[in-house]
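Trainee: Chain by chain, the residues run as shown.
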Amino acid sequence: MLRDQQLSAPATQSLTDRVRAANVARMNSAHSSNDRIDTAPDGALANADVLYVELGAYEGPLDLLLELARRQKVDMSRISVLALAEQYLGFIDTVRDKRIEVAADYLVMAAWLVYLKSRLMVPQTTNDDEPSGEMLAAVLQFRLKRLEAMRKAATRLLDRPQRGRDVFARGAPEPIAIVRRALWEADLFGLLKAYASQRERTAPADYQPIHRTVWSLQEARAILQTLIGDTAEWVPLEVYLGRHVGSAAERVTALASTFASSLELVRQGQLDVQQSLPFGPLLLRRKARDGGAS
Amino acid sequence: MTRARDDTERDDNLERNLRIVEAVLFASAEPLSAAEIAPYLDPQAQPDALLAQLQRRYAGRGVNLVRRGSRWAFRTAEDLSFILKRESLEARPLSRAALETLSIIAYHQPATRAEIEEVRGVSTGKGTLDILMETGWVRMRGRRRTPGRPVTYGTTEAFLDHFGLEALADLPGLEDLKGAGLLSARLPPGMQVPLPFDGPLREDEEPLDPDDPGLEESPEEDRNA
Amino acid sequence: MTRARDDTERDDNLERNLRIVEAVLFASAEPLSAAEIAPYLDPQAQPDALLAQLQRRYAGRGVNLVRRGSRWAFRTAEDLSFILKRESLEARPLSRAALETLSIIAYHQPATRAEIEEVRGVSTGKGTLDILMETGWVRMRGRRRTPGRPVTYGTTEAFLDHFGLEALADLPGLEDLKGAGLLSARLPPGMQVPLPFDGPLREDEEPLDPDDPGLEESPEEDRNA
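Those protein sequence lines, which keep their order, are chains X, B and C. For the first sequence, full-length UniProt numbering gives the first residue as 1, with consecutive numbering after it. For the second sequence, full-length UniProt numbering gives the first residue as 1, with consecutive numbering after it. For the third sequence, full-length UniProt numbering gives the first residue as 1, with consecutive numbering after it.
For reference, chain X alone in the conformation it holds in the complex:
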């Protein structure tokens, strides 16, 4: 969609700007008077009936105006802006008569051209603040010339030798290989540690396992049963063991095994065990047959 602001831009410019534009446009027309505007392709476009059918083919009103201007087959700077405006308006009218939808931007341009026409036909009065018709015409001419110039420039650009079509880069570029080089990291401490630990690991060492006397649960149970006998009194476990076990090293395993066995005997209902405070002496006695104490 075309923005209104854009098309109406020339009309809202300050007067001095417009005068300058007109001057430059006039200057330019002197410059390029030899420059014949390419004529539009004949055939399809020469026929006005076809023209409006192809309204969709135009990229906006400026494009259409440029096409109409080219059909005048004269230098753009000598083009009759008045005739151009009339052609455009006539064209839009025809299209509207045929009830073909016309986009708003074409109508905005039409309105502006009507205004331009009125300024061109009414003689300029001296105290008129409005821009003169000549200035407006010059602005329109400038815009048409500039668009035309850019079209030509695009064509000339395309006519240049293009890479991949006319001019070629190296077909087999040689890629840059990235060689990864390791910067090895190791320090002296690590080196010495590695050496020492290996030597230690593989050093032939005399190894004598320490043999410990271990009371099996079976043994402990047998001994416990023997020791307790038929005593019905509470006797500390330590006392039983003290009688039986000699060395201090043996006492630990004896205590552990005996205690475990005592629990088993309790479970079987052969023994009562009692401890009055944490880590206090463990008291044992044979369980009374009548099931008294527990």
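Bear in mind the hints are in silico, worked out from the structure with no lab data behind them. A hint or two may mislead.
Calculated Cβ distances over 12 Å to all of chain C for the following chain X residues [as the list claims (entries may be wrong)]: (1) 57; (2) 174; (3) 197.
Quick list of the computed label-pair ranges, beta carbon to beta carbon [said to hold, decoys possible]: (4) B:10 <-> C:158: 44 to 54 Å; (5) B:7 <-> C:42: 41 to 51 Å; (6) B:173 <-> X:100: 30 to 40 Å; (7) B:48 <-> C:10: 36 to 46 Å; (8) C:175 <-> X:275: 49 to 59 Å; (9) B:82 <-> C:10: 44 to 54 Å; (10) B:48 <-> C:207: 15 to 25 Å.
Straight-line C-alpha distance at most 25 Å; calculated DSS-like pairs for lysine-lysine [unchecked claim]: (11) B:85 <-> X:152; (12) X:152 <-> B:178; (13) C:126 <-> X:193; (14) B:126 <-> X:152.
As the structure is a computational prediction, the values presented were derived from the model and not from experiment. Ideal placement from N, C-alpha and C gives every residue a C-beta, glycine not left out.
With the hints as your guide, set chains B and C onto chain X.
Mentor: Coordinates of chains B and C only, in the frame set by chain X:
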């Protein structure tokens, strides 16, 4: 005698550096700048002088050393185009709108979208600029220091490379257009006729934010532009 | 005069054809045979002769015209291959196996692979020794004068340099290792740390053959070592 030997040595060095510049540029399909070539050369070598000498050496050969903006590349000679010509590999030729937009950007850069639209008299779809950016020929340069901070567009060195231009000054018909005052983006043309400019940012431009690209299509800009 | 003109014409033609060969080869992604180039040339041109002449022209340049089978292509001169490489350094810690092997070579040198394995108690992969050779800290000294003639390994000056040692004698001995807490005090009394030796070949070593290196990993040696 010492002088003679010095000379020989210098010649040897020169030849060696020339060979290196030759090899580096031959190896790469894309143009390279003097700065990109320098690391391969002697520290005291002068890449620019070497490039100029190599360019003379290859003038008139089947392969020429050509300048593309600030970069250099070997390319087949233009006059052999009629022998080497290949059907364009482009899957999709550029639309008329895209071509027109491209030439407006090329001749009017730095140009904002609003300025492009003013020349064309129609609004430019986002797709058109996207396609041009995709070709690698057009880039966002910065933002114009005006309300709305519109993005300014310009061409790239790949554009110069594709169309065989040494610099923007080689754009076809540039002088005529300049003379005719047709290079002014906005009406009226000011006192000076601007020339397309793809150098660093101008005074009225400011750099893009690093995460900018998405912003340019914001409706605010369109309204302000 | 006619002859002179003929000559000039022939020269022009030759030069023209040379330019075409040059451009066609440059632009081609694959090496091309004379037959593939011929269609671009004058009917009476001799592609083989042109190629030979072009090859002479490019000899000694940064880019050479080389033959690949029956086809031809431009390639960067071999002595400039460094241009096509870029080194990227990356710090990598030495693996434990490599560090252990290195330490054994350091202390026990000259040491064969079998001797290293004896100290380590595990076999040492070829990769480990390769890495150590790559570090530049280990070298092959010679061959042991024993059956199988196993290679003896030793450390280099780069090794001393890297680990900040003035000489191998600076490697701490048994007592120092114990003192530093690296060796426990509970070691068999017979254990010794050898005095490393990186001097010239010993009596039981013989020099490597110039073309030796590849041999050392032969299975025979492994078996004999």
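Trainee: All the hints need checking, so say for each whether the structure fits it.
Mentor: Hint check results:
1. 57: holds (39 Å)
2. 174: For residue 174 of chain X, whose nearest Cβ neighbour in chain C is about 5 Å away, the distance does not exceed 12 Å, so it is violated.
3. 197: Given that some Cβ of chain C is not farther than 12 Å from that of residue 197 of chain X, nearest at about 8 Å, it is violated.
4. B:10 <-> C:158: 44 to 54 Å: violated (36 Å)
5. B:7 <-> C:42: 41 to 51 Å: At 43 Å between Cβs, range holds.
6. B:173 <-> X:100: 30 to 40 Å: holds (38 Å)
7. B:48 <-> C:10: 36 to 46 Å: holds (38 Å)
8. C:175 <-> X:275: 49 to 59 Å: holds (55 Å)
9. B:82 <-> C:10: 44 to 54 Å: Since the Cβ atoms of residue 82 of chain B and residue 10 of chain C sit about 22 Å apart, the hinted range of 44 to 54 Å is violated.
10. B:48 <-> C:207: 15 to 25 Å: Once the Cβ atoms are compared, 53 Å apart, the range 15 to 25 Å for residue 207 of chain C and residue 48 of chain B is violated.
11. B:85 <-> X:152: holds (23 Å)
12. X:152 <-> B:178: holds (14 Å)
13. C:126 <-> X:193: holds (23 Å)
14. B:126 <-> X:152: holds (23 Å)
Of the hints listed earlier, those the structure fails to meet are numbers 2, 3, 4, 9, 10, in rising order.
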